[in-house]
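Chains as they are written, first to last, in this note's numbering: chain A, 587 to 694; chain B, 8 to 125.
Worth flagging that the hints you see were computed from the coordinates, not collected in a lab.
Quantities reported herein were computed from a predicted structural model and do not represent experimental measurements.
In this text, a Cβ means the ideal position worked out from N, Cα and C, and glycines have one as well.
Treat the hints with caution; some may be incorrect.
Using C-beta positions, here's what the derived DEER-type ranges look like [as the list claims (entries may be wrong)]:
| id | chain 1 | residue 1 | chain 2 | residue 2 | range |
| --- | --- | --- | --- | --- | --- |
| 1 | B | K21 | A | K693 | 35 to 45 Å |
| 2 | B | T113 | A | N650 | 21 to 31 Å |
| 3 | A | K601 | B | E78 | 43 to 53 Å |
| 4 | A | Q628 | B | G47 | 17 to 27 Å |
| 5 | B | E75 | A | P604 | 41 to 51 Å |
| 6 | B | K64 | A | K651 | 24 to 34 Å |
| 7 | A | T591 | B | Q87 | 32 to 42 Å |
Computed far set for chain A versus chain B, every beta-carbon distance over 10 Å [unchecked claim]:
| id | residue |
| --- | --- |
| 8 | A587 |
| 9 | L597 |
| 10 | Y613 |
| 11 | I642 |
| 12 | G644 |
| 13 | T654 |
| 14 | D667 |
| 15 | D681 |
| 16 | R683 |
| 17 | G685 |
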Amino acid sequence: AQRVTQPEKLLSVFKGAPVELKCNYSYSGSPELFWYVQYSRQRLQLLLRHISRESIKGFTADLNKGETSFHLKKPFAQEEDSAMYYCALSGLGNDMRFGAGTRLTVKP
Amino acid sequence: GAGVSQSPRYKVAKRGQDVALRCDPISGHVSLFWYQQALGQGPEFLTYFQNEAQLDKSGLPSDRFFAERPEGSVSTLKIQRTQQEDSAVYLCASSLIPRVLKGADTQYFGPGTRLTVL
Chain A
587 AQRVTQPEKL LSVFKGAPVE LKCNYSYSGS PELFWYVQYS RQRLQLLLRH ISRESIKGFT
647 ADLNKGETSF HLKKPFAQEE DSAMYYCALS GLGNDMRFGA GTRLTVKP
Chain B
8 GAGVSQSPRY KVAKRGQDVA LRCDPISGHV SLFWYQQALG QGPEFLTYFQ NEAQLDKSGL
68 PSDRFFAERP EGSVSTLKIQ RTQQEDSAVY LCASSLIPRV LKGADTQYFG PGTRLTVL
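The shape of chain B in the complex, shown without the other chains (with noise of 0.2 Å):
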């Protein structure tokens, strides 16, 4: 079956710009994670959603990321007048039950696109 994909997978922006990264999730699956990583890091987390609410944003760095995930499936990862040291990759991952039910959940990981901004 599909995994889960990310698009684009690679997005150039200049300082100041707005961009908009797309997750499509597994289908089915409840929660939804976004993380950052930058050059040489492991991932950070950022917000997570179970299904179309977003019951944690304390990893968004500032208030130019939003995210959202209107319809429970498909989310976007927005970034207002981005800034060079937004450069990193984006991951998003999902999984089958809501985060509450620790011990029993795998995330499963998109590719990730890579943002530069110049």
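Isolated chain A (complex conformation) (with noise of 0.2 Å):
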């Protein structure tokens, strides 16, 4: 069964600190994996994906299908950063499976 983790549901960090949202999977083949956000009274959206490979608003995310994580990082946090943010897996089936997702505040 494929299963995500979100071990914290809340991050508190301040302005200009590194942040690591982390992300576990559980997944027998090889799944691909995204990080969504929402930003407040915003929609969900992609915020980056493994496959691509790329860095969006300085985050990036590492596939390590070792420890069989996608954990989030940045460097330097900004306050426009605070957000809800959400690990998800897609596999050879139709659904994609979501954490229950990380509550991120950048204090001042």
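Two chains, two frames, a set of hints: combine them into the complex.
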């Protein structure tokens, strides 16, 4: 069974500090991993996907198959990064499996 | 351009009532997904359409839930005899390509319909 675990419901950092949002997954095959973000009063939107190996808004995420992790990182957090972040996994099926989410607060 | 829209944005129903939730995907998008998001949780997959064909309904929690997309564009999620546990935000998402072409699709989400069953 595929499962996505985000161990932190809440994460708070100061502006300029590094931030890491953890995501661990369980899947027997080769999954696709995504990070989605939901800013206040906005809809859920794609932040980045592992297959693109890109950096969006200073965020990066590396798929570690050995540790079955896909942690989201940013070296210097900004106040506008405050949002709800969801890690998601897509396998062979049609469904996308989301984690429970981490609410990131970046304090001034 | 217009994104995915959903209506109504808020729906209050008495237990036992039937409700219908509408999703207007981005024009030309082949794939359409419905998700249920309970309070404090991430979205949970309900069902998937490729054009008008419902290819996957494995996530529908009971036979009270029914979805359709008769002309391959607008979709309706219907919940019969609503129960309190149906209270959630229902999200619709669409993507340009069929689900089978994995690795390239981005799902665009609507604002959701918040259903409260009293």
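Cross-check of the supplied hints:
1. B:K21 / A:K693: 35 to 45 Å: Holds - the Cβ-Cβ distance for K21 (chain B) and K693 (chain A), about 43 Å, lies within 35 to 45 Å.
2. B:T113 / A:N650: 21 to 31 Å: holds, 23 Å
3. A:K601 / B:E78: 43 to 53 Å: holds, 49 Å
4. A:Q628 / B:G47: 17 to 27 Å: Since the Cβ atoms of Q628 (chain A) and G47 (chain B) sit about 19 Å apart, the hinted range of 17 to 27 Å holds.
5. B:E75 / A:P604: 41 to 51 Å: Since the Cβ atoms of E75 (chain B) and P604 (chain A) sit about 47 Å apart, the hinted range of 41 to 51 Å holds.
6. B:K64 / A:K651: 24 to 34 Å: holds, 31 Å
7. A:T591 / B:Q87: 32 to 42 Å: holds, 34 Å
8. A587: Non-interface label on A587 (chain A) holds, nearest chain B Cβ at 12 Å vs cutoff 10 Å.
9. L597: At roughly 15 Å from the nearest Cβ of chain B, L597 (chain A) sits farther out than 10 Å, so the non-interface label holds.
10. Y613: Correct as stated: the minimum Cβ-Cβ distance to chain B is 13 Å, above 10 Å.
11. I642: Holds, because the least Cβ-Cβ distance between I642 (chain A) and chain B comes to about 12 Å, which exceeds 10 Å.
12. G644: holds, 20 Å
13. T654: Holds, since 18 Å exceeds 10 Å.
14. D667: holds, 19 Å
15. D681: violated, 4 Å
16. R683: violated, 7 Å
17. G685: violated, 5 Å
When the structure is compared with the earlier hints, violations turn up for hints 15, 16 and 17 and for no others.
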